[in-house]
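Listed in order, the protein sequences are those of chains B and P.
For the first sequence, the numbering used here begins at 1 and goes up steadily by one.
For the second sequence, the numbering used here begins at 1 and goes up steadily by one.
Simulated from the structure, these hints should not be mistaken for laboratory data.
Quick caveat, the model's predicted, so the values are computed rather than measured.
A virtual CB, placed ideally from N, CA and C, is assigned to each residue, including glycine.
Watch out, some of these pointers could steer you wrong.
List of simulated lysine-lysine pairs, DSS-like, C-alpha gap at most 27 Å [claimed, not checked]: (1) K211/P - K48/B; (2) K54/B - K103/B; (3) K232/P - K48/B; (4) K239/P - K54/B; (5) K24/B - K54/B; (6) K218/P - K103/B; (7) K48/B - K239/P; (8) K288/P - K48/B; (9) K54/B - K209/P; (10) K48/B - K218/P.
Here are the simulated distance ranges between beta carbons [unchecked claim]: (11) F203/P - E43/B: 57 to 63 Å; (12) E13/B - P342/P: 27 to 33 Å; (13) N91/B - S396/P: 56 to 62 Å.
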Amino acid sequence: MSKGLVNLDLIIEGCRRTIEELKKMEGGDLSEELQTLERMEGELEGLKDKFFMKTVAAVPATKTCVDEVEKVNQALAGNKDNPAALKQKLNNVTDAVEVLLSKAQMRGTTLT
Amino acid sequence: MASKVWYAGNRSYSPATSYVADMLEVFEAAELDKLIKPNDVVAIKLHCGEWNNTAYLRPVYARTLADKIKSLGGRPFVTDTTTLNYNPYPARVTELDMRFTAERNGYTSEALGCPFIVADGWMGTDDVHIDLPEGYILKEAFIAKAVAHADVLITLTHFKGHPMGVIGGALKNLGIGAQSKRGKYNVHLGGHPAYGMGATTEFHPERCKGKNECPTWKLCRDCCPYGLFNVKDDTIEWKREKCVGCLAHLGATVGCGVMDIPREPLEGLHAAIADACMATVKAVGKDKVGFINMGIDVSPYCDCVMYADMPLVPHIGIFASKDPVAIDMACVDKVTESEGTPGSAAEDHDVAGSGAKKFENAAALIHGLSEQAQINTGAIIGLGSKEYELIKVKPSATKYYGFTEDTRPGGARFKKLFSKEDPFPRDRFNGQGFKREEKIDFEKIR
Ligand code: SF4
Ligand code: SF4
Numbered sequence: 001m002s003k004g005l006v007n008l009d010l011i012i013e014g015c016r017r018t019i020e021e022l023k024k025m026e027g028g029d030l031s032e033e034l035q036t037l038e039r040m041e042g043e044l045e046g047l048k049d050k051f052f053m054k055t056v057a058a059v060p061a062t063k064t065c066v067d068e069v070e071k072v073n074q075a076l077a078g079n080k081d082n083p084a085a086l087k088q089k090l091n092n093v094t095d096a097v098e099v100l101l102s103k104a105q106m107r108g109t110t111l112t
Numbered sequence: 001m002a003s004k005v006w007y008a009g010n011r012s013y014s015p016a017t018s019y020v021a022d023m024l025e026v027f028e029a030a031e032l033d034k035l036i037k038p039n040d041v042v043a044i045k046l047h048c049g050e051w052n053n054t055a056y057l058r059p060v061y062a063r064t065l066a067d068k069i070k071s072l073g074g075r076p077f078v079t080d081t082t083t084l085n086y087n088p089y090p091a092r093v094t095e096l097d098m099r100f101t102a103e104r105n106g107y108t109s110e111a112l113g114c115p116f117i118v119a120d121g122w123m124g125t126d127d128v129h130i131d132l133p134e135g136y137i138l139k140e141a142f143i144a145k146a147v148a149h150a151d152v153l154i155t156l157t158h159f160k161g162h163p164m165g166v167i168g169g170a171l172k173n174l175g176i177g178a179q180s181k182r183g184k185y186n187v188h189l190g191g192h193p194a195y196g197m198g199a200t201t202e203f204h205p206e207r208c209k210g211k212n213e214c215p216t217w218k219l220c221r222d223c224c225p226y227g228l229f230n231v232k233d234d235t236i237e238w239k240r241e242k243c244v245g246c247l248a249h250l251g252a253t254v255g256c257g258v259m260d261i262p263r264e265p266l267e268g269l270h271a272a273i274a275d276a277c278m279a280t281v282k283a284v285g286k287d288k289v290g291f292i293n294m295g296i297d298v299s300p301y302c303d304c305v306m307y308a309d310m311p312l313v314p315h316i317g318i319f320a321s322k323d324p325v326a327i328d329m330a331c332v333d334k335v336t337e338s339e340g341t342p343g344s345a346a347e348d349h350d351v352a353g354s355g356a357k358k359f360e361n362a363a364a365l366i367h368g369l370s371e372q373a374q375i376n377t378g379a380i381i382g383l384g385s386k387e388y389e390l391i392k393v394k395p396s397a398t399k400y401y402g403f404t405e406d407t408r409p410g411g412a413r414f415k416k417l418f419s420k421e422d423p424f425p426r427d428r429f430n431g432q433g434f435k436r437e438e439k440i441d442f443e444k445i446r
């Protein structure tokens, strides 16, 4: 399995953990972030059969997502962050996933 | 036996160490000047750059080389070839398009001081057939006529990475760049029963959303110059048996998951590139071809993409040789030895350290491609040697590398002109010329 696909599994698994933890949380009003993550989880699943995931270019794009999801899950496990800091970390995840989803479309890609 | 590769460093600190001067120094050190006899027609083969690519070689290098060739009595022309329809919006498929793109990139006869010639003509079918029994995969090749018929060929290459080829060096400059359009179909293994695009692509029409749901379906309908795609309401049809391997559909169809490109056709391409380079050398004559690799702006992808990313490594220097295998090997080794550029794809892929293979880990399209496959094939078929002796060329302490139109010092050149019209207005402000403060406070601006 390509490194991109290995990373993709880690991202999806990490996102699922984040979603579970966010659902358990009280206060902090992160419902919007939760919704975004739930939508993205579905879109990430859809990447599994995309050619991009087998490319070398998928490695850094997926690695960034793995790292950002991990940071959120560490913060949620330690319960250390205030809601604003947690929100920022969640935004970093969604930004990284947006970049991955966009790169995976390979729009305008030239393969020569 | 080890081939000689001459090399000038990657730092400039004087006119004699400019990259232009370095290019001329390695050209002479490698005795490429000795290939040229008076009245020889000399092709300078380079990549004129794709639309909006910005890493291709500045025209000044070709201009300087053309001037040098003229000083040796040769008749230079700068040349490149038409391309396949290798993306949905190609810019160099016909001579008309290529001239437009080349001129936009600065490759005009005015800039070059010699003609810019599209070597394979209007359609890309103006070529010379070469038998290649020694080829690893190709047994024949079609060389662009203007290259094949030249008395001498100077291969001026921008050395960089390449998504399919993994590296884009001297071997590829001739192995793809000197092939006519039909030659390029051959090298890309179009129609090959085992390694051609039509034969090898994994096709998943069931993943196509079709006209009903896909917002970009019209591009899939219109990308193939042979009309081999038919997008239906909820799927797509592909007449793959008729595919000639021009690559045009990839920019439209690989993103959505309908197509998957396996490794073998790409590895086949690497072998074919070395074969086709061999055919080019055969066409011109083994003792009539020289190679210069400009190891500057070492972008991860080729000059044929419509952008240029940050270089993988800082400039590695300027190289010259009569052996295309050795010169590419020397450049690959230099890139491996170099630290990656901070913030570049080398860093993204954790291969920024010295000793890490940058191209196959950060530039290749898919995993498992070797950055040495073209080089290894070239060595196997006897095109050149992977063993090389790298000889450092010292900058000249005596040669003049200034303005060539009038080499006198500026005082001698402009004394008469300035006596006719002094650009300094001495008649103003008691000879001071301009209205300015007498003194200012430097502390405020430090
Ligand atoms: S092949 Fe892909 S891009 Fe083309 S119409 Fe089908 S879903 Fe859309
Ligand atoms: S299907 Fe074949 S012929 Fe048509 S664009 Fe693709 S590679 Fe070219």
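Taking the hints in turn, this is what the structure says about them:
1. K211/P - K48/B: holds (23 Å)
2. K54/B - K103/B: holds (13 Å)
3. K232/P - K48/B: Holds, because 24 Å separates the two Cα atoms, which is no more than 27 Å.
4. K239/P - K54/B: holds (25 Å)
5. K24/B - K54/B: Violated. K24/B to K54/B sits at ~35 Å, over the 27 Å cutoff.
6. K218/P - K103/B: holds (21 Å)
7. K48/B - K239/P: Roughly 26 Å separates the two Cα atoms, so the pair holds.
8. K288/P - K48/B: Violated, at about 51 Å.
9. K54/B - K209/P: With Cα atoms ~21 Å apart, K54/B and K209/P stay inside 27 Å; holds.
10. K48/B - K218/P: With a Cα-Cα distance of about 24 Å, the restraint between K48/B and K218/P holds, given a limit of 27 Å.
11. F203/P - E43/B: 57 to 63 Å: This hint is violated: roughly 24 Å between Cβ atoms.
12. E13/B - P342/P: 27 to 33 Å: Holds, at about 32 Å.
13. N91/B - S396/P: 56 to 62 Å: holds (57 Å)
The structure fails to meet hints 5, 8, 11 from the earlier list, while all remaining hints are met.
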